[in-house]
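*Asks:* So the protein lines, in turn, are chains A and B. In terms of the working numbering, the first sequence has 61 at position 61, counting the first letter as 1, and numbering is strictly consecutive. In terms of the working numbering, the second sequence has 22 at position 22, counting the first letter as 1, and numbering is strictly consecutive.
Source of the hints: derived by calculation from the structure; they are not laboratory data. From the three backbone atoms N, C-alpha and C, an ideal C-beta is built for every residue, glycine too. It is possible that some hints are incorrect.
[Unchecked claim] Beta-carbon label-pair distances, calculated as ranges:
hint	chain 1	residue 1	chain 2	residue 2	range
1	A	Lys70	B	Phe12	45 to 53 Å
2	B	Arg44	A	Pro40	28 to 36 Å
3	B	Gly40	A	Asp26	15 to 23 Å
4	A	Gln2	B	Glu15	33 to 41 Å
5	B	Asn26	A	Pro40	22 to 30 Å
6	B	Gln41	A	Lys73	30 to 38 Å
7	B	Gly3	A	Gln2	23 to 31 Å
8	B	Asp54	A	Glu52	21 to 29 Å
9	A	Lys55	B	Gly2	36 to 44 Å
10	B	Ser96	A	Tyr54	16 to 24 Å
11	A	Asn62	B	Glu15	46 to 54 Å
[As the list claims (entries may be wrong)] Pairs of lysine-lysine residues, derived as DSS-like cross-links and limited to a Cα-Cα distance of at most 30 Å, are as follows:
hint	chain 1	residue 1	chain 2	residue 2
12	A	Lys73	B	Lys9
13	B	Lys57	B	Lys14
14	A	Lys73	B	Lys14
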Amino acid sequence: AQTVTQSQPEMSVQEAETVTLSCTYDTSESDYYLFWYKQPPSRQMILVIRQEAYKQQNATENRFSVNFQKAAKSFSLKISDSQLGDAAMYFCAYIEYTGANSKLTFGKGITLSVRP
Amino acid sequence: DGGITQSPKYLFRKEGQNVTLSCEQNLNHDAMYWYRQDPGQGLRLIYYSQIVNDFQKGDIAEGYSVSREKKESFPLTVTSAQKNPTAFYLCASSISRGTYNEQFFGPGTRLTVL
Chain A
1 AQTVTQSQPE MSVQEAETVT LSCTYDTSES DYYLFWYKQP PSRQMILVIR
51 QEAYKQQNAT ENRFSVNFQK AAKSFSLKIS DSQLGDAAMY FCAYIEYTGA
101 NSKLTFGKGI TLSVRP
Chain B
1 DGGITQSPKY LFRKEGQNVT LSCEQNLNHD AMYWYRQDPG QGLRLIYYSQ
51 IVNDFQKGDI AEGYSVSREK KESFPLTVTS AQKNPTAFYL CASSISRGTY
101 NEQFFGPGTR LTVL
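Whole structure, please, built from the sequences with the hints as guidance.
*Replies:* Right, here's the structure in full:
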C-alpha cells in the first residue's frame, strides 16, 4: 500500500521569510498525483497545490511552489514571503489511478507557525 | 454559493448511542467521502460513494454506516460498535472518483463521546 511520510511535526518561519515543508511517499506506480492541503485553525481543508507525476515541471501557485523529485519520491512545498495567514496545518497527499480503487492517502501533517 | 455543508459543528454523544452526521453538497458532484481526523494521524478514509445508491468501505469502516439515497446527501452514522468515536469528521466531494478530480471539503463535525 502507498504511504505518505511527513517527518517534521512542526515548523516555524519568520514573517516574509521562506520555508520548505518536506514530504516523501512510497509507490510502485508511475502515474499519480500529489497534493498539498492547508488546514487553518478553522479546520477547513483547502487545496494549495497539486502536481501530476508525468509532468517534469514543478507546479507553482503564487507564493507556493513544489520541488517534485520523482526518482527520490520527494514532494516538498516551498512557501515564499510567508504571511501570518499561512499559519496552519499542512498535509501532503497522494492518489494513484487504479480505477475504482483509487483513493487519496494523507500524511500525518505538519503544523506551521509564522512569527511576526 | 456552491459548497459542502456539515452539521452540526459540534456533537456530543453518550456511550452506547448511535449518532448521525449530516453532509450535503450542491456542487453536483457524483463522488462523496467521509474522513476521520485524529491528532497526529492525518485523515483516514471511512466510506466513499461514487454514485447514488452505491458506497464502499474505506480503511476504517468498522463501527460506521452510510447511505446515499440522494446525490446531494451522504450521511454518516457512528454506531455504538465504534469503540473510540471521539474525533473530527470531514466530508468531501469530487466531480467523480479518480485521480484528476480535486476533492472539496466541508467544515467538519467535532464528535465527543461523554
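*Asks:* Look at each hint and say if it fits the structure.
*Replies:* So, going through the hints one by one against the coordinates:
1. Checked against the hint of 45 to 53 Å, the pair A/Lys70 and B/Phe12 passes, with Cβ atoms roughly 46 Å apart.
2. Roughly 21 Å separates the CB atoms of B/Arg44 and A/Pro40, a value that falls outside the hinted 28 to 36 Å.
3. Roughly 20 Å separates the CB atoms of B/Gly40 and A/Asp26, a value that falls within the hinted 15 to 23 Å.
4. At about 35 Å, the CB distance of A/Gln2 to B/Glu15 agrees with the hint of 33 to 41 Å.
5. The hinted window of 22 to 30 Å between B/Asn26 and A/Pro40 holds, with their beta carbons roughly 23 Å apart.
6. Restraint check, B/Gln41 to A/Lys73: a C-beta distance of roughly 22 Å breaks the suggested window 30 to 38 Å.
7. A hinted range of 23 to 31 Å holds for the C-beta pair B/Gly3 and A/Gln2, which are about 29 Å apart.
8. With their beta carbons about 28 Å apart, B/Asp54 and A/Glu52 fall inside the hinted range of 21 to 29 Å.
9. The beta-carbon spacing between A/Lys55 and B/Gly2, approximately 28 Å, falls outside the hinted interval of 36 to 44 Å.
10. A hinted range of 16 to 24 Å holds for the C-beta pair B/Ser96 and A/Tyr54, which are about 20 Å apart.
11. A/Asn62 and B/Glu15 have their C-beta atoms about 47 Å apart, which keeps the hinted 46 to 54 Å range intact.
12. Restraint check for A/Lys73 and B/Lys9: the C-alpha separation of about 37 Å exceeds 30 Å, so the hint is violated.
13. A threshold of 30 Å between alpha carbons decides the hint, and for B/Lys57 with B/Lys14 the separation of about 25 Å falls inside it, so the pair holds.
14. For the suggested pair A/Lys73 and B/Lys14, the alpha carbons sit about 45 Å apart, so the restraint of at most 30 Å is broken.
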